[in-house]
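Need the complex rebuilt from these two chains, each delivered in its own frame; the hints are there to steer you.
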Amino acid sequence: MTILAKHAAQRQVYESLHAHGVDVQFDGVLSPTEGMLNGRPTILLGTNNYLGLTFDPACIEKAVEATRSQGTGTTGSRVANGTYGGHIRLEKALADFYGRQHAMVFSTGYQANLGVLSALVGRGDHLLLDADSHASIYDGSRLGHGEVIRFRHNNPDDLYKRLRRLSGQPGDRLIVVEGIYSMLGDTAPLKEIAAVKRETGAYLLVDEAHSLGVLGETGRGLAEAAGVESDVDFIVGTFSKSLGSVGGFCVSDSPDFDVMRIVCRPYMFTASLPPGIVASTIEALSRLQSEPSLRANLTRNAHHLYDGLRELGFQTGPEANPIIAVAMPDQETAVAFWKLLLASGLYLNLAIPPATPTDVCLLRTSVSAAHTPEQLDTALAIFADVGRRLGFLTSEKRRAGGVA
Amino acid sequence: MGQIRQLALVELKVEPPEKVTCEDISTIFEQVLGHPVKINERTDIVEDLGMDSLGVMNFVMAIEDFYDISIPLDRIAQIQTVGDLIHAVDDLRSGIQE
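Going line by line, the protein sequences match chains P and A. My numbering puts the last residue of the first sequence at 404; the count rises by one with no breaks. My numbering puts the last residue of the second sequence at 98; the count rises by one with no breaks.
Only chain A is shown next, with the shape it has when bound in the complex (with noise of 0.2 Å):
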């Protein structure tokens, strides 16, 4: 007791799944934000999610260790949509660069 407690993050002990879904992108969104979320790709992850900044951090992290890649700055800042992170995650998955 006493200290500051860090934010839990996420963590999946499980082989990452072949296909990028909306699906898993979705029950990852759950367990940041603790709470039920609908999403598609057309999905604002700001906007309509009402994420700040620090918690679409959080939610990268928790991406990261589900899909087992580590997703660069420059491309988090380009990241609007639930589709564009599904395509990011793709393209960093299969080695594309930007």
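One chain only, chain P, in its complex shape (with noise of 0.2 Å):
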């Protein structure tokens, strides 16, 4: 017995995860859309790399330059002596993207929802959170002190029922919802969401993780595309997809924003994000406001592979987003198939429960800018290859249009 012991039942699926090989270690990465794996070349499409940021010369340059200059790190908090001229025009740089007032730049997305959740809700608020919401939600929610209340995944009525439970009650309500929700690719109700918290007084939080670069006229999100920004008290959002670096960031219109710098402590406690970051972080915001193509390109790449992948007959998530998840049988057979896929050259994500809504298996792939109509197609046809060497794409359930 180990003090670990108590994990028993997950070391078990860990053990068994890991014999049947799904441990993915890349020998390199040789653009944001291909990497080597067990000495092939390999298609990636389950990196979150959505606007294929990662190699861009501009991007490069801009963090080397700064790493020359800099230094490889702060070695300091934002409270301390890790506040440099980089972090305050990156905020700035946020801020006038969003046409907001305030702007504060965390060292991982993560710690972004686990800082502005835990400072928003004390002792004695409520914060209501979407069922499917990200463990980032879920571990904020639990450094702060308010109470906790589910409601059910992208629910608008659930969600005003709950409230409405509430009135009466003293404390401040925050909802909190995601732009596009990570496993599935589905997107809020957030006109909906929207009318219920003006209704019931309550603040709304949006995490655009997954929304930030990819929805909405010039890419701000969701919150955008629904026409309701003005309704969102508070958007959180991260670097380490669109923007392809790292970090987590908070903008709000709040009088008070900037007393969260000394309220956070997953800002305060925990080093700044390296000049290098900083830089490349800046110069990618600004791609994706000059050059809406790269959105553009990403929008056409999720439909050819979810509508290609809805002719094969298989059966996706709801909305032909950038995450495009294919529902799997049982975790036997997406094992199966996720090993096949990756014998073959193709590389995405399996995730299995409880990573997942439900109880279903998923293959969750993620489509970028960069990936071009050859990739994809030939993404569709190792698709089609495993599908029919694991007996799913009969004729028959090609007509059904499902697989389940």
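Quick caveat, the hints were computed from the structure, so don't treat them as lab data. Heads up, none of these hints are tricks.
The calculated DSSO-like cross-link candidates involving lysine-lysine, where the alpha carbons are at most 30 Å apart (straight line), are: (1) A:Lys19 <-> A:Lys38; (2) P:Lys191 <-> P:Lys161; (3) P:Lys92 <-> P:Lys191; (4) A:Lys19 <-> P:Lys161; (5) A:Lys38 <-> P:Lys6.
Some residues of chain A that are not near chain P, with every Cβ distance over 10 Å (derived): (6) Pro17; (7) Val20; (8) Cys22; (9) Ser26; (10) Leu33; (11) His35; (12) Asn40; (13) Thr43; (14) Glu47; (15) Gly50; (16) Gln78; (17) Ile79; (18) Gln80; (19) Ser94.
All C-beta atoms, glycine included, are put in the ideal place defined by N, C-alpha and C.
Shown next as structure tokens:
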């Protein structure tokens, strides 16, 4: 017996997945869409690299330049020695991009949720989370001391019902939803949720981690696409997806926003982002704004893959967003399917419960603006081949339009 | 067709009963699990009924609908047996905070 024996059940799952060889170690990364795995070039279709900016020459150049001139790291917190000009410029760029008064940069997206949620919701307050929220939102809810209530995924009526039950109770209410949900790629019904927010006097926070640079006329995310930006009090997001680096942020018009710098413990008690990361992120944010063609390519590629998978007869999520999840009937099939895809030169994410909503096993893909039509056709051909080999795509099932 | 089906959840369109009973909870369990269950106040929801964390969450939402309450996450974490659940629902309905 060790002190970790309490995790015996998880260990069993981990060891069984390890035995199936699902751990992936890249020998090298060749481009935003191609890596070397087990000695062979492999199409990357599960990296959240939505705009394909990880190898952008200008972003790399800015990172190198900042690293040479300012060093590899800040070795300190934002509230001590870790605030450089770059951090302030990045915050200004984010505030300008969103048209907000304030912005705050965190060292990861996970910490942004941890810090913001725990600062906004204290003892006696009420946090209303979509049931399918990301782990960072759940963990942030535990770091604060408010009462945490889950509402049914993407269900504004259920949210309203739960807010109604709170009527008469003191304390602030904060509703938290995501722009695009990371597993199925579905978007929140934000117009309806904003209406509930207005009617009940709650605050609204939207995590645009997967929708920044993806949705909206100028890439600001779902709030922009749904036309309800003025109803959203706080936007949280990450640099580690469409902006190709690492880090998180929060923007808002709340007049006393800056107090968060000394009440967000995940902001205060961690080293700030290294200068190279800050510099490449500022450049990537600028590219996102100056090159709408990136977003147009991304949307075109998402439809290419989504339509292709559905034509083949696979069961996908509800919307053609850059995250496209293919449902598998069980874990064994999911693992077998995933391994055959990988052996054929296609990498994507194997997602099994409890990381997935309900108890479904998923093959989760994320499309990039940098994928070529040829790469997506190859990916679809590999899917079709593996599907046939595993007996998925019989003509009968294709006619039925689904695999389940 | 072709979409991932969200789990259908129990929605009982009746006024919630005055008293929280094992019988009502048993009915909700059966609807969520899809098969009959035998429970009493000492039944351990995870151990005895073999529910995983997702099953528990779906079951809790069905209970919330039936009794028209919201059970905060920290309260859910304290519930192990059917008896614990009955007490939690009773407390929440009478407005008793933890």
